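Chemist: Each chain is listed here by its residues.
Number of protein chains: 2
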Amino acid sequence: MNIILLHGSDFKDKNMVILKDHRKDHIITVLKAKIHDSLLFGLINGKMGKGIIINIDSSKVELKINLDKNPPPALPLTLVLALPRPKMLKRIIESSVGLGVKKIYLINSWRVEKSFWQSPVLKKETLDALSIAGLEQAKDTIMPQIFKKKLFTPFVKNELPDIAQNSSMFIAHPKTAIPCPCSKTLLNQSICLAIGPEGGFIDKEIKTLELLGFKTINFGSRILRTETAVPVLIAKLFPDFF
Amino acid sequence: MNIILLHGSDFKDKNMVILKDHRKDHIITVLKAKIHDSLLFGLINGKMGKGIIINIDSSKVELKINLDKNPPPALPLTLVLALPRPKMLKRIIESSVGLGVKKIYLINSWRVEKSFWQSPVLKKETLDALSIAGLEQAKDTIMPQIFKKKLFTPFVKNELPDIAQNSSMFIAHPKTAIPCPCSKTLLNQSICLAIGPEGGFIDKEIKTLELLGFKTINFGSRILRTETAVPVLIAKLFPDFF
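Going line by line, the protein sequences match chains G and B. The number in this note's numbering is simply the position in the first sequence, starting from 1, with 1102 added. The number in this note's numbering is simply the position in the second sequence, starting from 1, with 1102 added.
You can trust all of the hints, since none of them are fake.
Where chains are identical, the list cannot tell them apart; a pair therefore holds if satisfied intra-copy or between any two copies.
Below, computed lysine-lysine pairings styled on PhoX-like, alpha-carbon distance capped at 20 Å:
(1) K1277 - K1171
(2) K1241 - K1277
(3) K1152 - K1277
(4) K1259 - K1317
(5) K1226 - K1192
Calculated directly from the structure, the hints in this document are not laboratory data. Small disclaimer: the values here were computed from a predicted structure and weren't measured.
Build out the structure end to end from the sequences listed, making use of the hints.
Modeler: Printed below as a string of structure tokens:
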């Protein structure tokens, strides 16, 4: 936790906060903070800044909060991700949110195992908790939007054209010959990046995406797990963000 | 498993292999392969190529193997990593090996919890198994060398100068103002990259490394978990490999 995130409801008045939950435990046990110490706080979907401890005991931490800084810039990236297996999904949500991704579409694909859609990881509470963990790691406050799309063709044909409008559209696809661009010319451009399941999108799915304007890109001869491919591709596509 | 790795001892003669273990199960159950099918094989620390199934039943798979291709190029990178917590270490070894890292030094640092050094993940058999999983994912055959260095100062003062000789030397350090280079001028240059523990190297450790010629680099205002930072930094430092 490199920033402690607050909800609007945590505020007793404009700049007074009292914490009694796991955040209080974190401040006492992990940060080992004392009275008058200053820590980094952020309001979920709002600004970030300092909080000074004005009272602390084993039951509560009382803080004077001054949020005056903007969170770091979001990546202009929409991630369209064939639903990974639940354990991997957890790590990918947390790391993608940490990297600054604000829009994630979890979609179906021929090679996505049906059982993955039943996973409790897909519950809103779990996705929210993973997103908050990602923000707390990366010192960010802006929650991502995560959408679940259980039907490939209706999503790609009816919704994706609007979603990907005005973006460069790429499919991470180990079988293609076109290398992933790493170019200043892409800088600050919106990108919509589709990543297939283990084994990749099937040819028919690739063709459907290509019809919308998506271009396949590879990243060398190595086949990477999705959780490794996501940070590699983000670092290549947005070199000036890292 | 995108390549099936063989040991020299698997060969009955120059190009005949019989598999009866988990690799046989993988070929039958996951790949659902049949007689005459051709699959990708590699000799550990050797070449890769095709294997044609000439006999298959529930107890064994018999293959004619022809290894004529070189594995993908290794990254000219030495990773010097403050020992992460065991769960994270597992994922970092697997993903780094998948990315082509061939030299990993696991070192101590002030903020490394002592208990981490007791983890069974550090046993040679476990590190080998994780490395093989990384190679099998990435279609590579060359095992990494993984070294354990339990004393920071003697390692840095007595061994690291030789290890990092003729390399660009960087420390991933969120607190520095110098951004991570992403430059063609670095291309194919050897790099020695040091990554601290959760909370970072302490100032004294940074200074000791700087005395050897290491330069601190950051990757934006976001603080990334080591398992996310490694692929991001590798993609930035070696843009032409991905």
